[in-house]
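As you go down the protein sequences, you meet chains H and E in turn. Going by the numbering used here, the residue at position 141 of the first sequence is 141; the numbering climbs one at a time, nothing skipped. Going by the numbering used here, the residue at position 293 of the second sequence is 293; the numbering climbs one at a time, nothing skipped.
Accuracy of the hints is not assured; some may be wrong.
Here are the simulated distance ranges between beta carbons [as the list claims (entries may be wrong)]: (1) E/Glu-127 / H/Pro-298: 30 to 36 Å; (2) H/Gly-163 / E/Lys-107: 36 to 42 Å; (3) E/Thr-81 / H/Ile-36: 46 to 52 Å; (4) H/Met-126 / E/Phe-292: 40 to 46 Å; (5) E/Lys-134 / H/Glu-308: 34 to 40 Å; (6) E/Thr-81 / H/Phe-30: 42 to 48 Å; (7) E/Pro-140 / H/Pro-302: 28 to 34 Å; (8) E/Lys-107 / H/Glu-308: 35 to 41 Å.
Hints were generated in silico from the structure; no laboratory data involved. For every residue, glycine included, the Cβ atom is placed at its ideal position computed from N, Cα and C.
The lines below spell out each chain.
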Amino acid sequence: MVMKLPAGSTNNYIVRVENLSVYFTKGGMFSKKILIKALDNVSLTIRNREILGVVGESGSGKTTLGRTTIGLQKPTYGNVYLNVDGKEINVAKAKFKEINKYVQMVYQDPYSSIDPIMRVYDVLAMPLRYRKETDIDRKIEDAMRLVELPLELLENRVFQLSGGQRQRLSIARAIIVNPRYIVADEPTTMLDASLKGEILKIIKDAREVKGITFMLITHELPLAKIISDRIVVLYLGKVVEIGKANEIIKNPLHPYTQALIDAYPRINPEMKDKLKEAKIKPDIERPEKGCIFAPRCPFAMPKCKEQEPSLKEVAPDHYVACWLY
Amino acid sequence: MLLEVKDLKIYFYTKRGVVKAVDGVNLNVDKGEIVGLAGESGSGKSTIGYGIMRLVPYPGKIIEGQILFKGEDILKIDEETFRRNYRWKKIAMVFQGSMSGFTPVFKIKDQIIEVLKLHGWNGDYEERIKELFKMVNMDPVLADKYPHELSGGQKQRAFIAMALALNPELLIADEPTTALDVIVQQYIINLFKKLRKELGISIIFITHDLALLSEVTDRNYILYAGKIMESGPSEIIFKKPRHPYTQALIDSIATLDKDMIKGIPGTMPDLSNPPVGCRFNTRCPFAKDICFKEEPKMRMFSDGDEVACWLY
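Based on the provided sequences and hints, a complete structural model is requested.
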């Protein structure tokens, strides 16, 4: 039997997400219980050694997707598989110890994700000691070099580091155990524009040098474009478009992706005052059925309100969920 | 000139020393002008905003300078008169993170009515709220809701409505779009343009997002470590910036037409012990001897650009 792979798959994948839904409930004590569909029937694969950019506005399910792929969040329905060392591991069913040698995470806020009173050396030594690894000093030096932190900082405490240095340390802590796959959740959001470029470069270097696959979660489309091989656009818990990064930016197919790209400011004073009114309404309503974007879509047809579109390959390796195609 | 800030110095008296957050800043805003104030975090841009509102938080203090509003030095007015006649009435501010600035336990409407009442608004409160909500492109029905029932973008617009309640002549908007997604950001930007056109209001737009500034401002001030590095019309600042800091800042912004972005190596100096000479000398690729000895003065160019740099 031939296994059916989700849109945009090759056999050389490291993560396979199959019909994944994650629901949360809100309220219940004093108010009506509401079901929030953080992810709704998402299928995709992450290819080996790729940097996959996941973009979408707040509440689109980006972080939930990242967390579920490394077992930090249990799926409500569907499965996530990790394809490493020649075997496929079902992430939700596996013991955490079984998968945590393959996966790591870099968090958004470098001020709260590292213990401020630890020494830099200990931050990096701890995961190695936990895994009973040897040659700790050499591995720490290698990791510090890869993230371009001066070795003199090893004796410093974390609170003495700047935000940019802390985020480098956070990446070093993730790569030091030689994982195969890292979820980087908005790693540049808390940093000044002047530091973002350097963090992106480190992620690229880590991929080149160590062959690590990255999921880069961001709400900043330009950053995703600069660093990713492919981009996934999420909207209210659904994948609306997947494709090569350049292709998505140059030739966006889904009306939501198009609106996102139009809304991006460009440094170009001639653009001033020529700016068109944003095509789509800013307020979110989630429809009961049909395409989730239909209430805001300028091209919505009667069919869009009735039936939900599924991902369709419109151009080579470029998938979109929209009835226009 | 609506607002003239002259040689403003705001220092913070902390246990670790005196932090010179704003150190001799000059800034002008004309009537109906949208002026950008940009820089990295810690450059002092919000502190200037708070200074103009006379709301500098403890342990900060305005120690020198003048803030002339229509020619009158508002730093010389006593607090009671300033509160009654200027703050919110003539100069209003949309604070950073003001989306969470509403009290969760009262309806938006009641919070705006309180502002109107406190400042002795003569007229129908309900009518005024309707007017204000229309001005910020919102359904007046939403005024009857509690803050948690609105989305982030709606709350931000409601706060702008509250800032406009008393017809101020100057609006200071401190990072008004930072926590919003791009589509909502575009709405807020278009809203500012509309307010300027319809009300003739002047706006100081404080942000670290230069790409966004380039779409809305007439003139800009680029701030670094408490000092203005460059100021000038948007066509110059974003097209051919002269100061190495402005150049680096623009190179570091990610836009969709770029394939790679550069960073600015190094970090901002400790402002309790700022470097001698130009404050950017620790990170500047062009720094020469004089930059470490003497502070450059503002130099004006014929195209209206002003730069404090020894390269020129």
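To see whether the hints hold, each was checked on the structure:
1. E/Glu-127 / H/Pro-298: 30 to 36 Å: For E/Glu-127 and H/Pro-298 the Cβ distance comes to about 34 Å; the hint holds.
2. H/Gly-163 / E/Lys-107: 36 to 42 Å: 38 Å, holds
3. E/Thr-81 / H/Ile-36: 46 to 52 Å: Given a distance of about 51 Å, which is inside 46 to 52 Å, the answer is holds.
4. H/Met-126 / E/Phe-292: 40 to 46 Å: 41 Å, holds
5. E/Lys-134 / H/Glu-308: 34 to 40 Å: 36 Å, holds
6. E/Thr-81 / H/Phe-30: 42 to 48 Å: 46 Å, holds
7. E/Pro-140 / H/Pro-302: 28 to 34 Å: 32 Å, holds
8. E/Lys-107 / H/Glu-308: 35 to 41 Å: Holds - the Cβ-Cβ distance for E/Lys-107 and H/Glu-308, about 37 Å, lies within 35 to 41 Å.
In summary, the structure agrees with every hint in the numbered list given earlier.
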